[in-house]
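Converting from the sequence shown to the working numbering requires adding 1 to each position, the first position being numbered 1.
Here are the simulated BS3-like pairs of lysine-lysine, each with C-alpha atoms no more than 27 Å apart in a straight line:
| # | residue 1 | residue 2 |
| --- | --- | --- |
| 1 | LYS29 | LYS129 |
| 2 | LYS25 | LYS129 |
| 3 | LYS85 | LYS129 |
| 4 | LYS25 | LYS85 |
| 5 | LYS29 | LYS85 |
By construction, these hints were calculated from the structure, which means they are not laboratory data.
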Amino acid sequence: MNTASAGSHRDGVGPLGPGHAPVKDPMKGLRGVMAGTLVMEAISLLLVLTVIGRIDQGLYWSPLRAGYVTVIGVAMVLLAFLLKQRWAMTANWVLQGLAVLGGLIVHPSMGIMALIFLAVWGYIWYLKGVIVERMRRGLLTTQHT
2 MNTASAGSHR DGVGPLGPGH APVKDPMKGL RGVMAGTLVM EAISLLLVLT
52 VIGRIDQGLY WSPLRAGYVT VIGVAMVLLA FLLKQRWAMT ANWVLQGLAV
102 LGGLIVHPSM GIMALIFLAV WGYIWYLKGV IVERMRRGLL TTQHT
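Based on the sequences and whatever the hints tell you, model everything.
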């Protein structure tokens, strides 16, 4: 076994070394996944409007509740186009919190849906950390071509 190779494993760098910047930006693909997730969440959230309009003969329907759901849903669609901005993930987490809060304000079904998407966002956040760590260690294929 090559001692240089063994040393680099202990230092947390891959066997081929740190490599160069990836040819294809892996964060671009991740931003695409995040944009798609935001759009799917916005659609699911806007479908809450039909729930609050029909459940208990429209007992939960009010202009304030409908406006709350609509503003958050539209903001999610707009944010899907702005994910390159530094503040985008902070805005996303704020929207996630507002969606969960909607479960208390609007209808419990909105809160349940928001919690499911919150779990999805937690997993995406975990994947982002894995990608960044793999880039740092030089473990991406395109870093050695």
